[in-house]
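Now for the letters of each chain:
2 protein chains.
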Amino acid sequence: MRLSKAFQPTLKEVPAEAQIASHRLMLRAGLVRQTSSGIYAWLPAGLRVLRNIEKIIREEQDAIGAQEVLMPTLQSADLWRRSGRYDAYGPEMLRIQDRHGRELLYGPTNEEMITDIFGSSVSSYKQLPKALYHIQWKFRDEVRPRFGVMRGREFLMKDAYSFDADYQGAVNSYRRMMLSYLRIFQRLGVRAVPMVADTGPIGGDLSHEFLVLAPTGESGVFFDAALEEQDWLGRPVDCDNEEDLAAFFSSVTDHYAATDEKHDEAAWAEVPDDRKREGRGIEVGHIFYFGTKYTESMGIEVSGADGAKFSPHMGSYGVGVSRLVGAIIEASHDEAGIIWPASVAPYKAAILNLRPGDEACDAICEEIYGTDSENFMYDDRSERAGVKFNDADLMGHPWQIIVGPRGAKEGKVELKRRADGERFELPVAEALAKIGAA
Amino acid sequence: MRLSKAFQPTLKEVPAEAQIASHRLMLRAGLVRQTSSGIYAWLPAGLRVLRNIEKIIREEQDAIGAQEVLMPTLQSADLWRRSGRYDAYGPEMLRIQDRHGRELLYGPTNEEMITDIFGSSVSSYKQLPKALYHIQWKFRDEVRPRFGVMRGREFLMKDAYSFDADYQGAVNSYRRMMLSYLRIFQRLGVRAVPMVADTGPIGGDLSHEFLVLAPTGESGVFFDAALEEQDWLGRPVDCDNEEDLAAFFSSVTDHYAATDEKHDEAAWAEVPDDRKREGRGIEVGHIFYFGTKYTESMGIEVSGADGAKFSPHMGSYGVGVSRLVGAIIEASHDEAGIIWPASVAPYKAAILNLRPGDEACDAICEEIYGTDSENFMYDDRSERAGVKFNDADLMGHPWQIIVGPRGAKEGKVELKRRADGERFELPVAEALAKIGAA
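Protein sequence lines correspond, in order, to chains A and B. Numbering of the first sequence is given in my numbering, commencing with residue 117 and proceeding in unit increments. Numbering of the second sequence is given in my numbering, commencing with residue 117 and proceeding in unit increments.
If you are wondering where the hints come from, they were derived from the structure by calculation, not from laboratory data. Heads up, a few of these hints could be off.
Where chains are identical, the list cannot tell them apart; a pair therefore holds if satisfied intra-copy or between any two copies.
Stated by the list, open to error - In silico lysine-lysine, DSSO-like type, Cα no more than 27 angstroms apart, as pairs:
(1) K242 with K128
(2) K378 with K392
(3) K425 with K528
(4) K392 with K425
(5) K171 with K464
(6) K409 with K121
(7) K242 with K528
(8) K425 with K525
(9) K409 with K378
(10) K392 with K528
(11) K425 with K121
(12) K378 with K550
(13) K525 with K128
(14) K528 with K550
(15) K409 with K242
(16) K425 with K409
(17) K128 with K425
(18) K525 with K464
What you are looking at is a predicted structure, and each value in this text was computed from that prediction instead of being measured.
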């Protein structure tokens, strides 16, 4: 994309209510625009980040055998009455009446709907296990929306639901999701640590929150360094093998990790000092086993091997997709702007033409841009070099390819790595190879 | 995907209210499930079709320089008061109050919002032209939803908006969109003919509907055969060249095409008899120039070359994405089921293992499946051959790869083309080549 034509309206000044870095930077860099309180429009560069995150989630959910569906945003109140949650849910639920006076709601989550769809589609234990997910806009009518997309009202979420014949099956499903989530966050380029969370009346230990480490996080976190050192992508786990899943799961849960709410000083004391990590975190995911709560309350049964009917065990698994854009920025930025991990960056590099109109500069820029115009942001504007440097830093492209008249004459460009500021003067082909290999 | 594991719940019986073929077939083939009146959940195979359509639209919109954004589903009533449409819009608008009593609505379209975003982002004629589009769920509270996804309440739509400095610029934008739409529909494998539509108080000739030809269409259509014979994908048009755009546009609008509402017997009489085509059509797109209607009413201005402020000219351009799934089926099915055009088919072929457990059959099926498991639907169920044939016909995969014990021993499979039923007995490699090349 040529920046001269791109719809990426950067802002010099941001509204005073933008208190945190990600909110300010997303507005300044032209990624989103607020359209109502807690409701945002995604501009092209922001949407590209959102799509990159979705793609990684989709690939890793598919990899463990989850299947993608797409449920609507609006649900009938009657569906929620069947589970008993319609009246129990507080004012965060957006309740709506249609033209015939029928009660609808904007879905804040989809347990009821997926259970209903499952129940009308699956009749035998032979069809289990099943895991279904969707990536859809949700609405929670926060009393005081703030922090930009981190606590908005209309937000994009990936929610998955598993259905198993028995508790052990549900445990396996849960463990597969744990693995999928660890891989997702690793690919997103953030450190997200799973921490034991409340299970409520269900009990047991099958509830984990995933927190992205960031100094501005809402929760204090305490965890064993082992949890941030592992390479989940490189670790082979046979998801159809119960023992393999169990071994993997132990390698996570054997290590201490807790938010300040659940912090246990006695257990913490047993962690070797050199492995203690403290910090703050932002919740970006939650996985949860809840047994037959919805299948029973909604009367959903399937036939077992012996012909007897039973209510399948369920779990639900959420990732805050739009929230992650903010969380990633909280975890990865500096004074000058965003520092995108390569996997989610809207463009892999900016090409900064320091002298548009100079024959050598234009030729080199066009040559580079032509190799992959879809994934470069070419700053071809007639602006001062300083403006271009600042905008590139603000937008956070992993690399800047700086093309000035002196180097251009020799066929050279300056490559700047956004993350650490390191610079390399290289011939064009070598610069492209370095970006491609990174 | 292995059909034994796939979440594709086919139905033997469909509800009586499913009156038209696409509605019945989408339910029977397990593509969608109704969750409330006029509101549908998309099951995996249906979602794949929807995504294939989106991808083609996105590529062809990007190709003419339109940029993708994503606006939220909920909008503030105040935004619509600025254009004067809030009170004018009828009961099809779903009006909502949030917990603070603020008035929201579920967007039926986005002229107001995009104009507002544009106005707060663009300040100079130098930034024009701009074309922005998004693909997002909309809601229209139809009094009597019916025909499945063809006239649902929550529906997926691609809507684009163009902003130009003057009328001639807007004409160019309009012509680019006309080209983009013709290419989109051609790639989708349907015949969609542009027909002059009402312009209302704006006047002029810049309003066209695109109708997919299908015997069950809601409108009668009359058009010159020239319009369905052209290869828009093979025709080079320089979208930056006004003369090129004008020549292309004439090649469309010089030929007669009208729905029964706008039919003109005198003009029709001038079309040579051998070029007259009559039929029925389903509206799947609409492009429309409306001048400064929204920029003026909402007070949006940019600076011109002379420093004077002016209100940009706009057009809007819609494609009914979810409706298209139904329209494609209406245009392409038979008694046995759906006949998917290859470009939108959820899977490129079904592999029918006629004897699971037979060593040769299993080996050949696994070999074929392994070459591209993402894009084959492998019917590995222990069902009778007749059930598999019927389900494959119903689901409408472009090809069926039929693997029976006799052929398997010789390394051969039977290939059936769904569209015309033609069969080919071929060695595996040749069968795969034939499918790939088709």
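These are the hints, each one checked on the structure:
With identical chains, the CA atoms of K242 and K128 are at most 27 angstroms apart between copies only, with a shortest distance of 19 angstroms across copies and 60 angstroms within one. Within a single copy, K378 and K392 get their C-alpha atoms as close as 16 angstroms, which meets the 27 angstroms cut-off; across copies the closest is 76 angstroms, which misses it. For a Cα distance limit of 27 angstroms, the shortest separation of K425 from K528 qualifies neither inside one copy, at 72 angstroms, nor across copies, at 43 angstroms. Taking identical chains as interchangeable, the C-alpha atoms of K392 and K425 are never at most 27 angstroms apart, the minima being 49 angstroms within one chain and 62 angstroms between chains.
In the homo-oligomer, the alpha carbons of K171 and K464 lie at most 27 angstroms apart both inside one protomer (16 angstroms) and across protomers (21 angstroms), since each shortest distance falls under that limit. Taking the closest pair of Cα atoms, K409 and K121 come within 27 angstroms of each other only across two copies (25 angstroms); inside a single copy the shortest separation is 53 angstroms, beyond that limit. When the C-alpha separation of K242 and K528 is checked against a cutoff of 27 angstroms, the pair qualifies neither within a copy, at 63 angstroms, nor between copies, at 32 angstroms. In the homo-oligomer, the alpha carbons of K425 and K525 never lie at most 27 angstroms apart, since the shortest distance is 78 angstroms inside one protomer and 42 angstroms across protomers.
For the identical chains of this complex, K409 and K378 are intra-copy neighbours only, at 24 angstroms inside a copy versus 58 angstroms across copies, given an alpha-carbon limit of 27 angstroms. Taking identical chains as interchangeable, the C-alpha atoms of K392 and K528 are never at most 27 angstroms apart, the minima being 46 angstroms within one chain and 62 angstroms between chains. Taking the closest pair of Cα atoms, K425 and K121 come within 27 angstroms of each other only across two copies (21 angstroms); inside a single copy the shortest separation is 61 angstroms, beyond that limit. In this assembly of identical chains, K378 and K550 lie within 27 angstroms of each other by CA distance neither inside one copy nor across copies; the values are 45 angstroms within and 60 angstroms between.
For a Cα distance limit of 27 angstroms, the shortest separation of K525 from K128 qualifies neither inside one copy, at 34 angstroms, nor across copies, at 72 angstroms. In the homo-oligomer, the alpha carbons of K528 and K550 lie at most 27 angstroms apart inside one protomer (14 angstroms), although the nearest pairing across protomers, at 48 angstroms, exceeds that limit. For the identical chains of this complex, K409 and K242 are intra-copy neighbours only, at 21 angstroms inside a copy versus 59 angstroms across copies, given an alpha-carbon limit of 27 angstroms. In this assembly of identical chains, the alpha carbons of K425 and K409 lie at most 27 angstroms apart only when taken from the same copy (16 angstroms versus 62 angstroms across copies).
Taking the shortest Cα distances, K128 and K425 sit within 27 angstroms of each other only across copies (22 angstroms), while inside one copy they are farther apart (63 angstroms). In this assembly of identical chains, K525 and K464 lie within 27 angstroms of each other by CA distance solely inside one copy; the values are 25 angstroms within and 51 angstroms between copies.
Comparing the model with each numbered hint stated earlier shows that hints 3, 4, 7, 8, 10, 12 and 13 do not hold.
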